[in-house]
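S.K.: Taking the hints into account, I'd like the entire structure generated from these sequences.
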Amino acid sequence: MSPAAVLVADSAHAITPATKSREAGLAAKAARRPPAPKPVLVLNGPNLNMLGKRQPQIYGRETLTDVEAACQAEAARLGLRIEFAQSNHEGVLVDLIQAAREKNSGIIINAGAYTHTSVALLDALNAAELPAIEVHISNIYKREAFRHRSYISPAAVGVIAGLGTQGYLLALQALARLLGR
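Numbers given in our numbering equal positions in the sequence shown, counted from 1, plus 786.
You may find that some hints are simply not true.
Derived SDA-like pairs: lysine to any residue, alpha-carbon spacing no greater than 25 Å straight-line [as the list claims (entries may be wrong)]:
#, residue 1, residue 2
1, 889, 856
2, 889, 850
3, 928, 874
4, 824, 864
5, 928, 832
6, 824, 908
7, 889, 863
8, 839, 849
9, 839, 927
10, 839, 899
11, 928, 845
12, 824, 909
13, 889, 940
Across the chosen pairs, the derived CB separations fall in these ranges [to be verified]:
#, residue 1, residue 2, range
14, 949, 869, 20 to 26 Å
15, 889, 950, 26 to 32 Å
16, 928, 885, 31 to 37 Å
17, 931, 963, 31 to 37 Å
18, 966, 899, 29 to 35 Å
19, 863, 833, 25 to 31 Å
20, 843, 867, 32 to 38 Å
21, 930, 966, 38 to 44 Å
22, 844, 871, 19 to 25 Å
23, 963, 929, 26 to 32 Å
24, 841, 862, 29 to 35 Å
25, 838, 913, 29 to 35 Å
26, 842, 881, 29 to 35 Å
27, 877, 950, 26 to 32 Å
Hints are computed from structural coordinates only; laboratory data are not their basis. Since the structure is predicted, the reported quantities are computational estimates derived from the model, not experimental observations. Built from N, CA and C at the ideal position, the CB exists for glycine as well.
M.R.: See the structure below:
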């Protein structure tokens, strides 16, 4: 074997000119691809930990764990990473949104009932200065009148409502486009 044909004598780890060329092509392709963005925060508000148990005729039978698994799979397909969180406490949600400003590239938020009451979440989303998409499993405009008002929408680039848990996946697809993925 000539030294030009094999750079490593161990045949299991041989580097041939063809291998070097393929590796150079992969490295060039990786250099052209934009770096993976910071993870997207998928944030869930009060009572969403009860998905699958609470009012399945409205919210379906999927659990929040099912939603997270579907989001993880879709994010991987889109070249994104996600952080998934849920809290029943408004202050915890505000803290997570504030932290997102530095560590996340966007926010998908289902604020649950806080959608209709929380100026604090609106202010936190505005302060975060990140693209945010508001998601609702049910169509809030086909429900009680008090649910027709969203304090979250003014801070969101888009709203997805009434499409079940598929709304989370659609929000990930939209954010991927906004982030250039």
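S.K.: Determine for every hint whether it applies to the structure shown.
M.R.: We went through each hint and held it up to the structure:
1. Proposed proximity of residue 889 and residue 856 is supported: the alpha carbons are some 22 Å apart, at most 25 Å.
2. Among the hinted pairs, residue 889 with residue 850 is consistent with the structure: their alpha-carbon atoms are about 23 Å apart, no more than 25 Å.
3. Simply put, residue 928 and residue 874 have alpha-carbon atoms about 24 Å apart, close enough for the 25 Å limit, and the pair holds.
4. For the suggested pair residue 824 and residue 864, the alpha carbons sit about 13 Å apart, so the restraint of at most 25 Å is met.
5. Taking the CA atoms of residue 928 and residue 832, the gap is near 20 Å; set against the 25 Å cutoff, the hint holds.
6. Among the hinted pairs, residue 824 with residue 908 is consistent with the structure: their alpha-carbon atoms are about 22 Å apart, no more than 25 Å.
7. With a C-alpha separation of about 21 Å, the suggested pairing of residue 889 with residue 863 holds against the 25 Å cut-off.
8. Of the pairs offered as hints, the one joining residue 839 and residue 849 holds, with about 8 Å between alpha carbons and a cut-off of 25 Å not exceeded.
9. Pair hint residue 839 plus residue 927 holds up; C-alpha atoms about 23 Å apart against a cutoff of 25 Å.
10. Among the hinted pairs, residue 839 with residue 899 is consistent with the structure: their alpha-carbon atoms are about 17 Å apart, no more than 25 Å.
11. For the given pair, residue 928 sits about 13 Å from residue 845 by alpha-carbon distance, which is consistent with the 25 Å threshold.
12. Under the criterion of a C-alpha separation no larger than 25 Å, the hint pairing residue 824 with residue 909 is consistent with the structure, at around 22 Å.
13. Simply put, residue 889 and residue 940 have alpha-carbon atoms about 22 Å apart, close enough for the 25 Å limit, and the pair holds.
14. At about 23 Å, the CB distance of residue 949 to residue 869 agrees with the hint of 20 to 26 Å.
15. Roughly 29 Å separates the CB atoms of residue 889 and residue 950, a value that falls within the hinted 26 to 32 Å.
16. Checked against the hint of 31 to 37 Å, the C-beta distance between residue 928 and residue 885 comes to roughly 34 Å, which is consistent with it.
17. One distance hint, 31 to 37 Å for the beta-carbon pair residue 931 and residue 963, holds here, with the actual separation near 34 Å.
18. In this structure, residue 966 and residue 899 meet the distance hint of 29 to 35 Å, their C-beta atoms being roughly 34 Å apart.
19. With their beta carbons about 29 Å apart, residue 863 and residue 833 fall inside the hinted range of 25 to 31 Å.
20. One distance hint, 32 to 38 Å for the beta-carbon pair residue 843 and residue 867, holds here, with the actual separation near 34 Å.
21. In this structure the hint that residue 930 and residue 966 lie 38 to 44 Å apart at CB holds, the actual value being about 39 Å.
22. For the pair residue 844 and residue 871, the supplied restraint of 19 to 25 Å holds, since their beta-carbon distance comes to about 23 Å.
23. With their beta carbons about 29 Å apart, residue 963 and residue 929 fall inside the hinted range of 26 to 32 Å.
24. Take residue 841 and residue 862: their Cβ atoms lie about 31 Å apart, and the range 29 to 35 Å holds.
25. For residue 838 and residue 913, the hinted distance range of 29 to 35 Å is satisfied, since their beta carbons lie about 33 Å from each other.
26. Our hint of 29 to 35 Å for residue 842 and residue 881 holds, since their Cβ atoms are close to 31 Å apart.
27. Between residue 877 and residue 950 the C-beta distance comes to about 29 Å, which sits within the given range of 26 to 32 Å.
Checked against the numbered hints given earlier, this structure breaks none of them.
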